[in-house]
Amino acid sequence: MPLTPELRRGFWRTMCLSRAFDDAMIALYWEGKLPIFQFGAGPLPGELHCSNGAEPVGAGVCAALGPEDMITADHRPHHVAVARGVDLDRMAAELLGRRTGLSQGKGGHMHIYDPAVNFASSGIIAEGMAVAAGMALARRLQKRPGIAVAFIGEGAANQGAFHEVCNMVGLWKLPVVVVVQDNEWAVSTGKRESTAVERNSDRASAYAMAGEWVGTNDPDDIFLAAERAVARARAGEGGTILELRTARLAGHFMGDQQAYIPAQMKQVDPLPLYREKLIRDGVLSAEEADAIAAEAKARIARAVEFAKASPWPEPAEAMAHVFAGEPA
Amino acid sequence: MPLTPELRRGFWRTMCLSRAFDDAMIALYWEGKLPIFQFGAGPLPGELHCSNGAEPVGAGVCAALGPEDMITADHRPHHVAVARGVDLDRMAAELLGRRTGLSQGKGGHMHIYDPAVNFASSGIIAEGMAVAAGMALARRLQKRPGIAVAFIGEGAANQGAFHEVCNMVGLWKLPVVVVVQDNEWAVSTGKRESTAVERNSDRASAYAMAGEWVGTNDPDDIFLAAERAVARARAGEGGTILELRTARLAGHFMGDQQAYIPAQMKQVDPLPLYREKLIRDGVLSAEEADAIAAEAKARIARAVEFAKASPWPEPAEAMAHVFAGEPA
Amino acid sequence: MSRILTMARAGREALDWEMERRPEIVCLGEDVFKMGGIFGTMDGFGAKYGPERVISTPISETGFIGMAAGAAMAGMHPVVDLAYIDFIGVCYNVLLNCASKTHYMSGGAVKVPMTLLIGTGGGYNNAAQHSQCLHATVAHIPGVKVVYPSNAYDAKGMLHTALRDDNFVIYLTHKGTAGVGWMGPPIPTTLAEVPEEPYTVPFGRVKVYREGTDVTVTGLGMSVHEALKAAAELEKEGISVEVVDLRSLVPLDREGIMESVAKTGRLVVTDEDYLSYGVSGEVIATVAERDPGVFKKPPVRVTMPDIPIPFSRPLEQAVLPLAGRIADAVRRLMS
Amino acid sequence: MSRILTMARAGREALDWEMERRPEIVCLGEDVFKMGGIFGTMDGFGAKYGPERVISTPISETGFIGMAAGAAMAGMHPVVDLAYIDFIGVCYNVLLNCASKTHYMSGGAVKVPMTLLIGTGGGYNNAAQHSQCLHATVAHIPGVKVVYPSNAYDAKGMLHTALRDDNFVIYLTHKGTAGVGWMGPPIPTTLAEVPEEPYTVPFGRVKVYREGTDVTVTGLGMSVHEALKAAAELEKEGISVEVVDLRSLVPLDREGIMESVAKTGRLVVTDEDYLSYGVSGEVIATVAERDPGVFKKPPVRVTMPDIPIPFSRPLEQAVLPLAGRIADAVRRLMS
Ligand SMILES: Cc1ncc(C[n+]2csc(CCOP(=O)(O)OP(=O)(O)O)c2C)c(N)n1
Ligand SMILES: Cc1ncc(C[n+]2csc(CCOP(=O)(O)OP(=O)(O)O)c2C)c(N)n1
Ligand SMILES: [Mg+2]
Ligand SMILES: [Mg+2]
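Chains as they are written, first to last, in my numbering: chain P, 1 to 328; chain W, 1 to 328; chain L, 1 to 335; chain C, 1 to 335.
For reference, chain P alone in the conformation it holds in the complex (with noise of 0.2 Å):
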């Protein structure tokens, strides 16, 4: 697909909405934490790690997806989900825990499940290689179409789970794609101080996959990159290890003060440079960006307010779910 002017709107309307959500979660989070902030207190209580920065990845992985295709995420996992087109007011509800989430407020901001557009999370670090893989070989066995992504950060491609799977991926010939999302941060950790290499996609050698790395945290060039992953797994040409340079602009999970960050290593907003890179070719006005980001905003205001309006789910529920086939 041609980088249309269509494609990138919606590319800026897709991170305005992923940057609402996390603005808007953000603020919640905040209730009930100060003066003297605690995980357990106000209205969404828990870690919560927002994905401020990395709204491009999420926008130009997923436009390069289709309906069939499956994706995993981790403990990071908003931009991926808005990207995909999760409904939007059920997962604000799950953050809030309430009946109408997701998962009814049993999974919270780290499982968000939303088998309409086949997406799926997990909280352990590198859990959802082995998933999205497994997916994807699920389609081949049933002969049809559908190619998984599994979105990982740049500190999971240590895990042992990503060595297991991707040479099975290449092993294979799966189709899968590999995200790597290098926001050079895991916790306190760079990527430095983690990893042997430079870049996760020179590792594709090590699993006869493909490796593709794009620097730019821009969403035009990552989907360029996306559709040629997407196509050599649609063909059958295997797996890709897909590196994205990004940015975690709120800090590992909220109440992350980053004084490790040293100052010259301070990231910059994907989004101002997006609007004016949109500005500058003529795809948008000024007016019209802004326009975007006040109507996702919007969006975003009443997904809250569907979340905020919606009732606890009753203790007795949580015996519920345990087990398919059993009495709720």
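If you're looking for bench data, these hints aren't it; they were derived computationally from the structure.
Any given hint could turn out to be false.
Distance condition first, Cα-Cα at most 30 Å in a straight line; then the derived DSSO-like pairs of lysine-lysine [unchecked claim]:
#1 Lys-173(W) x Lys-143(W)
#2 Lys-143(W) x Lys-111(C)
#3 Lys-34(C) x Lys-33(P)
#4 Lys-297(P) x Lys-266(P)
#5 Lys-173(P) x Lys-48(L)
#6 Lys-296(L) x Lys-296(C)
#7 Lys-48(C) x Lys-266(P)
#8 Lys-111(L) x Lys-33(W)
#9 Lys-143(P) x Lys-111(L)
#10 Lys-266(W) x Lys-173(P)
#11 Lys-34(L) x Lys-48(L)
#12 Lys-173(W) x Lys-111(C)
#13 Lys-48(L) x Lys-143(P)
#14 Lys-143(W) x Lys-48(C)
Every beta carbon over 12 Å from chain L, so not counted as near; a handful from chain W, in silico [unchecked claim]:
#15 Gly-66
#16 Pro-272
#17 Ala-291
#18 Glu-295
#19 Ala-309
Computed from the model, here is a short list of chain W residues facing chain P with C-beta under 10 Å [stated by the list, open to error]:
#20 Gln-159
#21 Ala-161
#22 Glu-193
#23 Thr-195
#24 Val-197
#25 Asp-202
#26 Ser-205
#27 Ala-206
#28 Met-209
#29 Ala-210
By construction, the Cβ of each residue, glycine as well, lies at the ideal position given by its N, Cα and C atoms.
Chain P is already provided as a structure; the job is to place chains W, L and C with the ligands on it using the hints.
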């Protein structure tokens, strides 16, 4: 160290000793297991994984090591243990479950420990990799000399531990040599059926490690490559993945009929080849070579005698050694 | 028509029947294509169903069991052979956090129908890393069903049940009970008349192998057969032992246990797994929390002690929960 | 001199003291160099001891915990921070088959002195993969000591003991008890007078927090403090509760448990870990196998049920073993 005639005679001696050990254990293993094979019968019960065919690996690599260096081996440890100088009497006694065994009969053949020569092993695939790297880390912290060598199989190289440990070895430039013993098979699974790339040594670049490959199953070649790897490790230049093509002549474990091995994949015994080579090179006469082999057999016969004459542990001893520092 | 079968052959029959009819069933595991799994549950399946459905994997348990979970989420029903339960250490996260919890964490939106076949146990001198039972290590995880047949009839019926269950089921078989040649001649009490037709054995019900009035002995896997041996011996001494096979750890038939102990008033719990924090404590607690008054004598545990399993024969034999130790425990309860 | 400290600060003091004197102690774990471990047990150690001794690792738990085991075998005493116990799934083999069994499998020839610090528990809505306790999953493994202080005095003393132990010790701390800011204000009963000098608290002895005559409530980690809250409440109703902190799962002070229950005749076992095949059954079995006659009423368990831990506050609050549920159980026993 140059490849002196003395060194090469030593290789031959070590290989003969290792083969004699395995042959003796195989003979003991079949005692009481015929006509109906069953793991638990006879004087040497349990699974037995023999090293026949892999003797050049043990001989060549261990000759490149000093006494301060540390080794971890896997479920197929005999050739490495013999080459490293593990106490033969006590190793034989361990395999027979006797009180005089290295572990007083508690370990068995997959759990050979001889701290006197810094030797350890484990029956869980790739478990020894991290242990070896940790030993190397210890010596660095203690500012004592000593590198570590992890012996694994080509099948084990697809275990997640391989990736995690190689990355840290590369990252921290730990003095570790990972010896991947490629005997073409992991039980019934051929390397091409399990490994996305042809050579695990090529995976070294994914970890900022050096990679070397030796395809001859010849102790001379193996020694020279191991020496280079050891020299790099000692010099602080980091780790090496040293892949060695070798053989598994006696099947995965005793009782393995190996019907899955196609005729054209029949493996060659390295011992007669090396014997011929030494004779051809004038390092040994045929008589000298055979005298060394005979001596090795006699030595192992003594070890077997020692083991057989040794007492069994008392049943109550089972309860001792769960924790260090408690009354045995 | 029914024939006397070993557990291994009976289990194979169930899997074969389901595979013939249900394309969503695929087999994965190390060496399954050529070797058919640790107990031959997939024996000959490579040739019959081809490499697409009988997939030999690299030694990458986190990878392929995780893939099985993913395939299950995408509509397949994978059957995975893990050989020895000792190996769960390298893939425990898939069991603990993924296959077991996804249905719940998704609020019921995502199902993970998969069956994990695992061999357990020792008694053949395979030492500390190849002889474990680890019953509690899997049964303690919420969201997974754990079953453990001890005879051929149950082996077939429970495997049919597992394969038709929409959940993650761990199906344990003690190596010594399966009737595979390499463990010696089959134990007679593991053999059973097995109908050729498919049938299901429901999870969550104990099986009373032998009724008795004096002492209840509970067991699972191999320890059932040791209990049966002990019971036969004790009968000669005039002691009537009721042998209760738990056979399903999750769900556990707590009322079935209680019923037997309420009748006999005496309980010996056998388990080849380690003593502490495991099945044996759970069985005793199950009775005590219902009515400790049923105990005429304090209940006794005959289990593997809390030690790594020693290799040497006299050491291993001394610590296994064998018939002799069980009979002694019963005698002490009757004295 | 002694001061009132949180558990986190008390533990840090022990580790700091030992590190100052013993070069064989090194710290490993994700983010320990810059962040000092999940509870700040290594807070400031990066600056004080340098990157050689305070090693931040990649997210490679099998790798670095296995390396710690190897370093221990080679004469070091590594202290590893694993943050959350939920993560043991990716490195369980090191715990199960390596660090715990090597001493035994080597017949005592090889020691593995290492200390693994792990945070447990929920109560702050961190959902199914970040709130588990898994007490039984580690305590069921033979060859590892498992300790679990619940107050600052024990936190320091037991860490000194662990660091001087020649074995693999798992040192658990419930996140809610540590007194770290992100879990809210410290629970008063976790705070204690802590001497500045080093001291050891021996493993394998229960701690009776509060003597009572009517009902014994056992707990560990956070559930001790919930039990104390319940006991204070019940006192107003004239019920005298004895609160027993197990505080050491391996070795377990079975006689200490028995002593208390023999006195009160009533037992409530609390545990934030899953109900089945775990600590709660073991405690009840421990009493029953000694003398079921001591139970005036059937013992009661108040634990996390066998379900993945739900995220939503009302759901999680409903299933945690909180003071209200404990008090209700006690009241039922007294009625
Ligand atoms: C197996 C496991 N180990 C550790 C953690 C704790 N943890 C959660 S996120 C994280 C850092 C992940 O870094 P990266 O993969 O780069 O993703 P990012 O947070 O940067 O998006 C860690 C260590 C975990 N969830 N699972
Ligand atoms: C984690 C784990 N998975 C599976 C096994 C069973 N197993 C033992 S040896 C072996 C094959 C090993 O192959 P390789 O590493 O090539 O060594 P080789 O036997 O050829 O010497 C397997 C699968 C095990 N011991 N540990
Ligand atoms: Mg990152
Ligand atoms: Mg091999």
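Does the interface hint hold: is Ala-210(W) within less than 10 Å of chain P, judged Cβ to Cβ? violated, 12 Å
Please verify whether Lys-111(L) and Lys-33(W) have alpha carbons no more than 30 Å apart. Given that 30 Å is the threshold and the Cα spacing comes to 47 Å, the pair is violated.
message: For Lys-143(P) and Lys-111(L), compute the direct alpha-carbon distance and say whether it is at most 30 Å.
response: Holds. Lys-143(P) to Lys-111(L) sits at ~20 Å (cutoff 30 Å).
Minimum beta-carbon distance criterion (10 Å), Glu-193(W) to chain P: At about 8 Å, which falls below the 10 Å cut-off, the nearest Cβ of chain P leaves the hint on Glu-193(W) intact, so it holds.
Take the C-alpha atoms of Lys-173(W) and Lys-143(W), compute the straight-line distance between them, and say whether it is at most 30 Å.
holds, 15 Å
- Item | Restraint outcome when Ala-206(W) is required to lie within 10 Å of chain P by C-beta distance | holds, 4 Å
(message) So if I understand the rule, the pair passes when the alpha-carbon distance is 30 Å or less; does Lys-296(L) with Lys-296(C) pass?
(response) holds, 15 Å
message: Hinted pair, alpha-carbon criterion (30 Å max): Lys-48(L), Lys-143(P). Please report holds or violated.
response: Cα-Cα ~19 Å, so holds.
ask   = Against chain L, does Ala-309(W) keep a CB gap of more than 12 Å to every residue?
value = Ala-309(W) is indeed farther than 12 Å from all Cβ atoms of chain L, at 16 Å.
- Query: Are the Cα positions of Lys-48(C) and Lys-266(P) separated by 30 Å at most?
  - Reply: holds, 27 Å
> For the hint on Thr-195(W), does the least C-beta distance to chain P fall short of 10 Å?
Replying inline: holds, 7 Å
Quick one, are Lys-266(W) and Lys-173(P) close enough, alpha carbons at most 30 Å? Distance of about 29 Å is within 30 Å: holds.
The structure is inconsistent with the numbered hints 8 and 29, although it conforms to all the rest.
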